[in-house]
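Engineer: Protein chains in written order, with our numbering: chain Z, -12 to 227; chain Y, -19 to 306.
Derived by calculation from the structure, the hints in this document are not laboratory data. The model shown is predicted, which means the values in this text are computed figures rather than measured ones. A few of these clues could be false.
[As the list claims (entries may be wrong)] Using 30 angstroms as the maximum straight-line C-alpha spacing, the simulated DSS-like pairs for lysine-lysine come out as follows:
{"no.": "1", "chain 1": "Y", "residue 1": "Lys(-13)", "chain 2": "Z", "residue 2": "Lys140"}
{"no.": "2", "chain 1": "Y", "residue 1": "Lys181", "chain 2": "Z", "residue 2": "Lys140"}
{"no.": "3", "chain 1": "Z", "residue 1": "Lys142", "chain 2": "Z", "residue 2": "Lys57"}
{"no.": "4", "chain 1": "Z", "residue 1": "Lys169", "chain 2": "Z", "residue 2": "Lys142"}
{"no.": "5", "chain 1": "Z", "residue 1": "Lys118", "chain 2": "Y", "residue 2": "Lys(-13)"}
{"no.": "6", "chain 1": "Z", "residue 1": "Lys151", "chain 2": "Z", "residue 2": "Lys122"}
{"no.": "7", "chain 1": "Y", "residue 1": "Lys(-13)", "chain 2": "Z", "residue 2": "Lys122"}
{"no.": "8", "chain 1": "Z", "residue 1": "Lys140", "chain 2": "Z", "residue 2": "Lys151"}
{"no.": "9", "chain 1": "Y", "residue 1": "Lys181", "chain 2": "Y", "residue 2": "Lys202"}
{"no.": "10", "chain 1": "Z", "residue 1": "Lys118", "chain 2": "Y", "residue 2": "Lys111"}
{"no.": "11", "chain 1": "Y", "residue 1": "Lys(-13)", "chain 2": "Z", "residue 2": "Lys57"}
{"no.": "12", "chain 1": "Y", "residue 1": "Lys279", "chain 2": "Z", "residue 2": "Lys122"}
{"no.": "13", "chain 1": "Z", "residue 1": "Lys142", "chain 2": "Y", "residue 2": "Lys(-13)"}
{"no.": "14", "chain 1": "Z", "residue 1": "Lys118", "chain 2": "Y", "residue 2": "Lys181"}
{"no.": "15", "chain 1": "Z", "residue 1": "Lys57", "chain 2": "Z", "residue 2": "Lys140"}
{"no.": "16", "chain 1": "Z", "residue 1": "Lys142", "chain 2": "Y", "residue 2": "Lys181"}
{"no.": "17", "chain 1": "Z", "residue 1": "Lys118", "chain 2": "Z", "residue 2": "Lys151"}
{"no.": "18", "chain 1": "Y", "residue 1": "Lys181", "chain 2": "Z", "residue 2": "Lys122"}
[What the hints assert, rightly or not] If you want the footprint, here are the derived chain Y segments under chain Z, 3+ residues with CB under 8 angstroms:
{"no.": "19", "segment": "175 to 189"}
{"no.": "20", "segment": "200 to 211"}
Ideal Cβ positions, reconstructed from N, Cα and C, are used throughout, including at glycine.
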Amino acid sequence: MSDTLLQLQAVHTHIGPYHILQGVDLHVPRGRLTMLLGRNGAGKSTTLRTIMGLWQASAGELTLEGASIKGMNTADIALRGIGYVPENMGIFSDLSVRENMLLAARSGPIDRQRLEWIFGLFPALRQFWEKPAGKLSGGQKQMVAIARAIIEKRKLYMFDEPSKGLAPVMVNSMIAALRELKQQGATILLVEQNLAVAHALGDTVAVMDSGRVIHHGSMAELGADAGLQHRLLGLSVGAH
Amino acid sequence: MQTLNNKLSQFIIPLVMLAGLILVPNLPTWITLTVAGLAMGMMIFIMASGLTLVFGLMDVMNFGHGVFIAIGAFVATSVLLSMAGWMQAENAALNLLAIGIAMAAAALVAGLLGWAFERIIIRPVYGQHLKQILITTGGLIIAEQLIHAIWGPEQIALPRPASLRGAWIFGDVAIEKFRVIAVVLGLLIFIAMWLVLNRSKIGLLVRAGVENPEMVETLGYKIRRLFVGVFVVGSALAGLGGVLWGLYQETVSATMGAQLMVLIFIVIIIGGLGSVGGCFAGALLIGLTANYVGFLAPKVALGANILLMVLILLWRPQGLFPVASR
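Excised from the complex, chain Z in its bound form:
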């Protein structure tokens, strides 16, 4: 079995007249948490959306477990085993928390044991189970979004800036949840702006700038090298 679960080679994505991804090379190793860092507008969210088939890559190759997913439609890519939380969380506001979760459980009824585990990670969900998801706070919605992505075991989990706009206490419980998911051997691709979160969770890291991956390495190495952080990201862990 190859060590790389997801691989992008020279991927280009155009949105209308804009050339957003300009040859992205990225590999996501199995069983590790890969951070995707970069400044605003570097192309991180577009990379995730291209992987999901929400934008189609205009050139390059995308493979999941060695098989090409390029040109496939979004639903088929998801069915290959990807749980995805978009930047705007994609919560169905008119549906209850339970109904949101029910839709994410594709292979039948929700597994009780896994649900209990999720309630352990996010106790608030049990309390708001029958409430319309639209009535929850921003942090609680993010919990629903993450819970929905992990309600069933997936080969790959992709989270797009889950810490964005959350209160510090919420960020901490989210870090704890992702850490537990990671300990179970999950493969995770996590987009972040918050370097402290990246430092707390990341095994490997890819840094993007202007639609390309400009650095690939271990998170520990980047976390320890303030000069490198500053050169790649224009900020450092200490600044957060």
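Based on the hints, put chain Y in the right spot on chain Z.
Structural biologist: Just chain Y now, with coordinates in the frame of chain Z:
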């Protein structure tokens, strides 16, 4: 303020009925008008419900939706004329059975036509509103001409069977039998839709898809397949509504669908695009207003629906029950 507005929109139907009660001078007249308004509203709801979901799910503006109404009515007319014996029999069960068969045939043909309409006319213009308006209007014109070619250019009389003619009299109150049937049938269809939308996974997918189709895709469901299903069911319901409307008016004409489209658009806009509950409330509101105003001030009756839409949109620009992300 937001909560007050939400509460007010939930009670708008009883409030309008109450306003009618105050303005209409005597109780029996009010009851007759109210039943007539509810019946009209139910029929419009049946015809409009599919269109609001079609718009909500795929952002498709189908100006040709009236085709299914007209086709349903004509198919039912042919079926009922061929069953003249059952229709003229002095036996309510036989009459209703004939109408039931006609409705089933109408829904089937309208549903099949909807399937073809989606494949041939709508599919090439996904995501292009202007083209959708032009090509679906074109589809409507072609279908009207096809009706002329098949059933002839004249409007056709569709008399109701003996058991559905006339009214039930309770003291001073006269209630037309057919209107009661329309109300009961409309309620049944609304309850069935509500159950499907709220109690089944398909229904959950439709509700989720109306709010955020892209997210439904990322969960592994093919929204297009869902859309085709909704389009076919919506067309079948429009056909069913067309039968009721034809029996209500006792005539059918090729242009009936196009004429009703104005009312249907008003209903789905004031209800909140994509919302089935909103469509139901909007349809009842239009039915009640048309009947009350028609009685109180016949001269303004024609413009009353437009006025109602203007007032509601000034108050709630997204409609009475907007879908979250729209």
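Engineer: Hint by hint, note whether the structure agrees.
Structural biologist: Hints, verified against the model:
no.	hint	verdict
1	Y:Lys(-13) to Z:Lys140	violated, 42 angstroms
2	Y:Lys181 to Z:Lys140	holds, 20 angstroms
3	Z:Lys142 to Z:Lys57	holds, 18 angstroms
4	Z:Lys169 to Z:Lys142	holds, 12 angstroms
5	Z:Lys118 to Y:Lys(-13)	holds, 18 angstroms
6	Z:Lys151 to Z:Lys122	holds, 19 angstroms
7	Y:Lys(-13) to Z:Lys122	holds, 16 angstroms
8	Z:Lys140 to Z:Lys151	holds, 25 angstroms
9	Y:Lys181 to Y:Lys202	holds, 14 angstroms
10	Z:Lys118 to Y:Lys111	violated, 40 angstroms
11	Y:Lys(-13) to Z:Lys57	violated, 49 angstroms
12	Y:Lys279 to Z:Lys122	violated, 45 angstroms
13	Z:Lys142 to Y:Lys(-13)	violated, 45 angstroms
14	Z:Lys118 to Y:Lys181	holds, 18 angstroms
15	Z:Lys57 to Z:Lys140	holds, 23 angstroms
16	Z:Lys142 to Y:Lys181	holds, 24 angstroms
17	Z:Lys118 to Z:Lys151	holds, 23 angstroms
18	Y:Lys181 to Z:Lys122	holds, 22 angstroms
19	175 to 189	holds (count 5)
20	200 to 211	holds (count 4)
Checked against the numbered hints above, the structure breaks hints 1, 10, 11, 12 and 13 and satisfies the rest.
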